[in-house]
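Visitor: Keeping their order, the protein sequence lines are chains A and B.
Everything in the first sequence is counted per the working numbering, starting at -14 for the first residue and increasing by one.
Everything in the second sequence is counted per the working numbering, starting at -14 for the first residue and increasing by one.
Hints are not guaranteed to be accurate.
The list treats identical chains as one, so a pair stands whether inside a single copy or across any two.
Only pairs whose alpha carbons sit at most 25 angstroms apart, straight line, appear in this in silico SDA-like list of lysine to any residue [unchecked claim]:
| id | residue 1 | residue 2 |
| --- | --- | --- |
| 1 | K59 | G111 |
| 2 | K103 | G127 |
| 3 | K33 | A(-6) |
| 4 | K59 | G7 |
| 5 | K103 | L(-10) |
| 6 | K59 | D49 |
| 7 | K59 | L108 |
| 8 | K33 | S(-4) |
| 9 | K59 | T179 |
| 10 | K103 | G75 |
| 11 | K55 | R0 |
| 12 | K59 | L177 |
What the hints contain is simulated information worked out from the structure, not anything from laboratory work.
Since this is a predicted model, take the numbers as computed values, not measurements.
Protein chains: 2
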Amino acid sequence: VSGPLPPAAVSRLPRYLRFLEGVAPSVSVVSSEEIAEGSGVSAVQVRKDLSHLGAAGTRGVGYDATSLAKRIGKALGLEDRLGVAIVGAGNLGSALANYQGFEARGFRMVAVYDVDAKRIGPLPNGLDVRHIDRLAPDATGGQISIGIIATPSEAAQFVASLMVEAGIRSILNFAPTELRVPAGVAVRRVDLATELQILSYHLAAG
Amino acid sequence: VSGPLPPAAVSRLPRYLRFLEGVAPSVSVVSSEEIAEGSGVSAVQVRKDLSHLGAAGTRGVGYDATSLAKRIGKALGLEDRLGVAIVGAGNLGSALANYQGFEARGFRMVAVYDVDAKRIGPLPNGLDVRHIDRLAPDATGGQISIGIIATPSEAAQFVASLMVEAGIRSILNFAPTELRVPAGVAVRRVDLATELQILSYHLAAG
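The whole structure should be built from the sequences, with the hints applied where relevant.
Guide: And the structure:
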């Protein structure tokens, strides 16, 4: 029931949650088959992952959708509404700042940071672009839990080190470069070319 | 040796390739342990995935890096330099159009498409923004294999249907919405909030 979840299970939880939030509140009970169908995972896998969380469905009936969503959200730490900072106010950073999904799905956007004085100021959606020197003071007291790197490759390692110094322990990296960070800092890389290569495989094998 | 690869194995191949391209041409032979280390996968898994591709390392020595990279690239269909179109010339589409990784990693960027006449014209990097009406004619003869949706959510399904009508069989969707497409069309969704939720789990689990 407890202990850390296997990484692959962790990566499936957001998909279950997305499905549950999509059907609630109009649906009160969901079966593992419905969750499986809605999230592209096998029903056996769904039951196994959920039992890791200590969520037991009622045999022949299913899971209570609302309480299951709450349990997954809690396991993912979403109740804390962690603070997120974006570094890089170019096209990508601006697109990410505009992305409504972050607030809607459990996060608190703090600000966007950039070195370029011309970019400092409020964005159309109200979020501030601040000078990068503000990152460390803004992060004190755990106000920023996750840093998103949306800079050119050349700046990514510098920004990652700034984030780590500021006490940020989780980094989402959009720059196509490997980051060196101390143990205890989690980095996820969103590699867009990888996504295209996976699609390409299906065309080639098709 | 052959037959379709399991989906999880397919998703690991781009990581192996990225590692191999990073070490070549200065390194000629790599062990499965080195590939594992460089791509965050276990060595057993690496050997299993590569044997699926029919790539056998030399016992106690390893794999020839260049020929292994070529074999993976071939399996992924990268030799064909598939054509990629982006629909949506806002911040996200512009960021994607500027992303150098696509051309460098085996793709041919065709153009960006938008409905907004004010956005039509060349981007700073030379890629064209064209009216969405040009998508279908540009796609004839298989000139566009992969479509990237970088529009607001409300437009995503409409764009996906246009892509399918134009003969595009692989779609990378950045809009936070589920797409309905006919069988035989592959969709991958890049869900940015999911990435944050996975990082959040690691913070919550401490």
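Visitor: Please go over all the hints and tell whether each is borne out by the structure.
Guide: Okay, the hints, checked on the actual structure:
1. For the homomeric pair K59 and G111, neither the shortest alpha-carbon distance inside one copy (29 angstroms) nor that between copies (47 angstroms) is at most 25 angstroms.
2. In the homo-oligomer, the alpha carbons of K103 and G127 never lie at most 25 angstroms apart, since the shortest distance is 28 angstroms inside one protomer and 43 angstroms across protomers.
3. In this assembly of identical chains, the alpha carbons of K33 and A(-6) lie at most 25 angstroms apart whether taken from the same copy (9 angstroms) or from different copies (21 angstroms).
4. Taking CA atoms no more than 25 angstroms apart as the test, K59 paired with G7 passes inside one copy only; the shortest distance there is 18 angstroms, against 39 angstroms between copies.
5. Neither within a single protomer nor between protomers do K103 and L(-10) lie at most 25 angstroms apart by alpha-carbon distance, with minima of 44 angstroms and 49 angstroms respectively.
6. In this homomeric assembly, K59 and D49 come within 25 angstroms of each other (Cα to Cα) only inside a single copy, at 15 angstroms, whereas the closest approach across copies is 47 angstroms.
7. When the C-alpha separation of K59 and L108 is checked against a cutoff of 25 angstroms, the pair qualifies neither within a copy, at 31 angstroms, nor between copies, at 44 angstroms.
8. Both within a single protomer and between protomers do K33 and S(-4) lie at most 25 angstroms apart by alpha-carbon distance, with minima of 14 angstroms and 22 angstroms respectively.
9. Taking the shortest alpha-carbon separations for K59 and T179, only the inter-copy value of 15 angstroms comes in at or below 25 angstroms, while the best intra-copy value is 30 angstroms.
10. Taking the shortest alpha-carbon separations for K103 and G75, both the intra-copy value of 11 angstroms and the inter-copy value of 20 angstroms come in at or below 25 angstroms.
11. With identical chains, the CA atoms of K55 and R0 are at most 25 angstroms apart within one copy only, with a shortest distance of 14 angstroms there and 34 angstroms across copies.
12. Taking identical chains as interchangeable, the C-alpha atoms of K59 and L177 lie at most 25 angstroms apart only when they sit on different chains, with a minimum of 19 angstroms there against 29 angstroms within one chain.
Comparing the model with each earlier hint shows violations of hints 1, 2, 5, 7; every other hint is respected.
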